[in-house]
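This is what each chain is made of:
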Amino acid sequence: MEKLKSVDAFKNLQSRLADSIDLSKPTIVISAGTCGQASGANDLIRITKRELLTLGLSDRIHLRITGCHGYCQAEPSVLVEPRGTFYPKIGSQEMVRIVGATAAGEVVERLLWKDPNTRKRIERLNDIPFFKSQKRTILSQNEKIDPIRIYSYIQRAGYTALAKVLEKSDPRSVVEEVKASGLRGRGGAGFPTGLKWELLAKQPNGRGKILVCNADEGDPGAYMDRSVLEGNPHSILEGMLIGAYATGASEGVLYVRNEYPLAIKHLIIALRQAKELGLIGKNILGTGFSFDISLVRGAGAFVCGEETALMRSIEGKIGEPRQRPPFPVQKGIEGKPTAINNVETWANVPIIINEGATKYTEIGTRNNHGTKIFSLVGKVKNTGLVEVPMGITIGEIVHDIGGGPSGRAQIKAVQTGGPSGGCIPTSMFDLPIDYESLTAAGSIMGSGGMIVMDENTCMVDVAKYFMKFLKDESCGKCFVCRKGTQRMWEILDDITKGKGTLQQLDLLEELALVVKDASMCGLGQTASNPVLSTLRYFREEYLAHVERKFCPATVCRDLFTYRVIPEKCTGCALCVKVCPTGAIKGPRKEPHNLDRSKCIKCKACYDVCKFDAIAGDAIIIVPVSDGRGGN
Amino acid sequence: MIKLTLNGLPVSVEEGVTLLEAANFFGFPIPTLCHMEGLSPYGACRLCLVEIGEGPKAKLVTSCTYPAEEGLKVRTASARVVKARKMILELLLASCPQSKIIQDLASAHEVRQQRFRQEHEDCILCGLCERMCREQMAAGAIGFRGRGDHRSLGTPFDIKSETCRLCGGCIYVCPACQLRCTYTEPDKAICGACANLSPPCLDKPQFNDMMCYMTPCVACEIRKD
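Chain order of the listed sequences is A and P.
Going by the numbering used here, the first sequence opens with residue 5, and the numbers climb by one from there.
Going by the numbering used here, the second sequence opens with residue 25, and the numbers climb by one from there.
Errors might be hidden in some of the hints.
[What the hints assert, rightly or not] Estimated spans, in silico, between C-beta atoms of each pair:
1) A:R370 with P:H144: 49 to 59 Å
2) A:D497 with P:R136: 18 to 28 Å
3) P:N31 with A:D497: 35 to 45 Å
4) P:Q122 with A:P329: 58 to 68 Å
5) P:H144 with A:G95: 53 to 63 Å
6) A:G304 with P:D182: 14 to 24 Å
7) A:K15 with P:G95: 50 to 60 Å
No lab work stands behind these hints, which were simulated from the structure alone.
Glycine included, each C-beta is placed from N, C-alpha and C at the ideal position.
Chain A with its partners taken away, still in its complex shape (with noise of 0.2 Å):
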């Protein structure tokens, strides 16, 4: 790779290798992210490969391996171009079948995605349901670009808003221009990301400045960065190189969590690229301008996703926040300016920047600009990463883009926002996805994560679950946020096991104020989210496990028992060969025994027992209370 020396040196290479696109040649296409890799989109590959070669076909069909598309419901999936055609779910016998036919530019009609309720086969990717309704500006470059390629990138416009900015030289207007597009952190908090910027170019620069990639995603549930972090590695990169430009910084770190060891990878592979061809590292493009990037790794800490914690851990401290003021763009890292952003804020950049600011507000609602990324999964028939504008409604996405809920139960509500959000309720689905609204909803945006549950979710052991994970992953330096999500704990463990008193649900509530109110940074600030909003939206479910000692989801094993109801048994022995653990007894034809000391509450005589037509379910849930009579 030989070094670019100038702007126009790089525009050459870019219309050379834009004129080398040939888009009717068909085009494979495997993306093989993680989940795409976990799912067997490596043999896929393999198996393509074999194909090809074998077939002699290297010339005239390409192969692209990419990162995810986002329909993780759908992985190991092939898309072939230039249709666009889509394949979910593919094995490798199938994968044979697809080589050949598009070898003979044909479709395989029976591998296509079904819709369930038309039952009709769609072809293209684009007419899917689940695609359909996204605006993937983000996402939607993830199929096209090979992410260990530079030359990938830079074919289809990469690093072309860098060149601009570069030609332009005046990194205040790519502030303004920033600051015009009205685009808001994507981490979580929607700091409007201009104005952070205005205030890191603001700072005296002495010293250096430094901008952080913030890319520990660690809630549960929420892969959003990863997806991009390995998909499109070379547009951070260019956000970040614009956001130095225009800030004056000298410094950029990428902090990624360790657990995505294929982002941090492709992110190896891209610094290096970047650096050989001289799009980082001193005198970029011969403009003068200089630029390097680093890459830190976290160990492992939730709480390190938190500005202040991170900054410490980039310096090699522990991970620990500390009271603002003074904010980390008056005094970060080693006491320099510095400025975080989330992955999928500097993703956004480059397209600000290309599209330009007007064209981007053009897309979502007044003050909430652009589109999000979010990491639908849970309950519904359609799982993956979404990418919608803001604005849309919470229903949109579930209905829509997700499917509705992917058993017979009902959605009862979608949880927002990871660990530290809340839960919004179904009564509450036409609630436009904004900052402000989801706020005032008791939930937040978030990094992305959308979790829809259903009526077989207990709210109160979700939000014993979200609170278990703060109090594990809660610092523990400032002792609110430390003693409360422990405490908040206690009492849920108590309520989930029978033990809970009317006190200590108004104690509950208390205290959930009070760390929200008294924590030191967002991690507490926002740890109570889960109860209140379930206290909020779900007080009849908390109210059933105090009062009635009853789990009306049946999630809370020590709250029900199973019973058998003599008169309605006829002794069919199905319940007697599911049993795990042996403790449903009895002859045929005759009521069944359960033994109580050996029911282990697995739920499989349950979901067995369906002699609906003849006597109803003869097995039945009860609390704990009831179930002394009977067998």
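Using the hints, position chain P against chain A.
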């Protein structure tokens, strides 16, 4: 000079003064636990919370770390502050009931109940000893490890530190600890320097009848010998 209002009283203070110093100077006492003059502010015990700002933007901040700002409106004992402070004291009392300092604070702030499950922890992780050791004694013999409810203080690998000079500074500043003082087993001690301190009960007989909250008590051990 920076002008601000403290509980409605307009005052002016020098630049760089924290809200805690300003409030104490003008006679508005704020309880603290992890704060000590001469040690860097830490902001961990949250007892020194004050309310700043107005309307929906009002928030609680620790006065020991917050610098005085021009035009700031500070309330050191608003209902919101008092409520949070009482809850913090209740939590402290539930974790570390044997500490005299915490008992006194709780009684001064009229905390009359303790609704959490009683624990008997010997350390509230206020970090005074760690800062004392590092900042004033230039030793850095003890430090924090772990996070969440596994966070604890100690020497590396829990063995006697080579940099520890047995100065006793850590025990001197500790508002809660007693069990960490392992005078009776000198090998295990973090510092073992309480042997150098002279407990008041040794030469003042009136302490005999008072309830002593130190176990094992240095004085009693010495008297036994």
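Quick rundown of the hints versus the structure:
no. : hint                           : result
1   : A:R370 with P:H144: 49 to 59 Å : holds (55 Å)
2   : A:D497 with P:R136: 18 to 28 Å : holds (26 Å)
3   : P:N31 with A:D497: 35 to 45 Å  : holds (41 Å)
4   : P:Q122 with A:P329: 58 to 68 Å : violated (36 Å)
5   : P:H144 with A:G95: 53 to 63 Å  : holds (59 Å)
6   : A:G304 with P:D182: 14 to 24 Å : holds (23 Å)
7   : A:K15 with P:G95: 50 to 60 Å   : holds (52 Å)
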